[in-house]
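**Student:** Protein sequence lines correspond, in order, to chains A and B.
Each residue of the first sequence is one higher than the one before, counting from 923 in the working numbering.
Each residue of the second sequence is one higher than the one before, counting from 30 in the working numbering.
Note that these hints are calculated values from the structure, not bench results.
Just so you know, not all the hints are guaranteed correct.
Claimed, not checked - Just so you have them, the derived chain B footprint on chain A, three or more residues with Cβ under 8 Å:
1. 980-990
2. 1006-1014
Stated by the list, open to error - Residues on chain A that point at chain B, a partial pick, calculated with CB under 10 Å:
3. N945
4. L949
5. G951
6. E955
7. P958
8. K997
9. L998
10. G1000
11. D1066
Positions of the beta carbon are idealized from the N, C-alpha and C atoms, including for glycine.
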Amino acid sequence: MTLALTDEIADRFFHDLLTSARNVRLLAGWVQEGIPKSMAALPDIRQNLIDLDAQAGLLDRTLRRTALWNGMTRKLSGTTDLKGALIRALSEHDLISHMPHLPVRSVALACPDERLQLILAEMLDNARIHAGGLSELRVLIDADRAVIVISDEGPGLERAEFDKASEPFVRLCVARSCGLGLPLVIRAVACQGGEVWREAPRRDQHGLTLAISLPLVPEAAA
Amino acid sequence: MSSAGHHSRIPVCLLVEDNPIERAQITRLWNRSERKAVLISVPTLAEARRLLKENQVNLVLLDNSLPDGLGAEFALEISNRKGPAIAILSEWPTPFMFAKAERAGVLDVLRKNGLSAEQLGHLWDRAQAG
Chain A
923 MTLALTDEIA DRFFHDLLTS ARNVRLLAGW VQEGIPKSMA ALPDIRQNLI
973 DLDAQAGLLD RTLRRTALWN GMTRKLSGTT DLKGALIRAL SEHDLISHMP
1023 HLPVRSVALA CPDERLQLIL AEMLDNARIH AGGLSELRVL IDADRAVIVI
1073 SDEGPGLERA EFDKASEPFV RLCVARSCGL GLPLVIRAVA CQGGEVWREA
1123 PRRDQHGLTL AISLPLVPEA AA
Chain B
30 MSSAGHHSRI PVCLLVEDNP IERAQITRLW NRSERKAVLI SVPTLAEARR
80 LLKENQVNLV LLDNSLPDGL GAEFALEISN RKGPAIAILS EWPTPFMFAK
130 AERAGVLDVL RKNGLSAEQL GHLWDRAQAG
């Protein structure tokens, strides 16, 4: 399946981008002309510029991720040490202090670092940016696969919502999401012969718990 | 939101726009157009629906992208009965929107960028002329 920005999706992005741009333009005009009587005070122009940058960034990320998705058609060869990869990903996302004692030993995953970092980045970004932060990271090692489990502090997703968010370009309630994070994780993991699933929340838990499995390099080959 | 109840004999233009900056700008242009009508603004289609049920409105100015739906679809919804004239305001009018607007028999689709008091005044005159 090849992703393309359909007219409907492009309309959504351009509407948000143009609305932000227009707000800045109107505010700049009001600085010269005076604030309309119906406004108590001039809204914060800096905040509107930040919004404009954010919208432009979102469109840029969406186009880049769409290209990434379209280029992700096959399994990549290469191996990565899981522990080292997790340390790099957590450091990259300023989350290493949350996990001073990584619950994992060194094992070789049948996945090149570039692709593993993409998968971990999407999972960690989702927790950090859109879901209130990372609450737990667990790693389970089986005979032939490693399971990485990431829980966040967000409101969580019901099963049906999770299925919906697995489809490209579906944004649930996250205004500044391009709707490609989870679909990219699913596609990248599937290309490497793994699986992605949502763990049912424990009674004391409210966030989303996302689990992925990736095959280990067979011991004889490692 | 202003109440339209006490303006029942004054012609009413209803603006449906969720962006407060845009609302202030359109209100400013409306006031400059110097038409003898009151402009009432609401941020959602739900409020517009309620207001249209309770009050006589002569012209509806509809933003297309609203928190609870699309202006072009709302235009189709309210065009089914004898109702007010409708115009759609958009920063990004698409062919889909024009198609829906045409089906709903809207008076005009106007771009927000460059919208003037004269255009709004002219729109109001067309709405009054039927």
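**Student:** Return the numbers of the hints above that this structure violates; sort them in rising order.
**Tutor:** The structure conflicts with hints 1, 2, 8, 9, 10 and 11, although it agrees with all the remaining ones.
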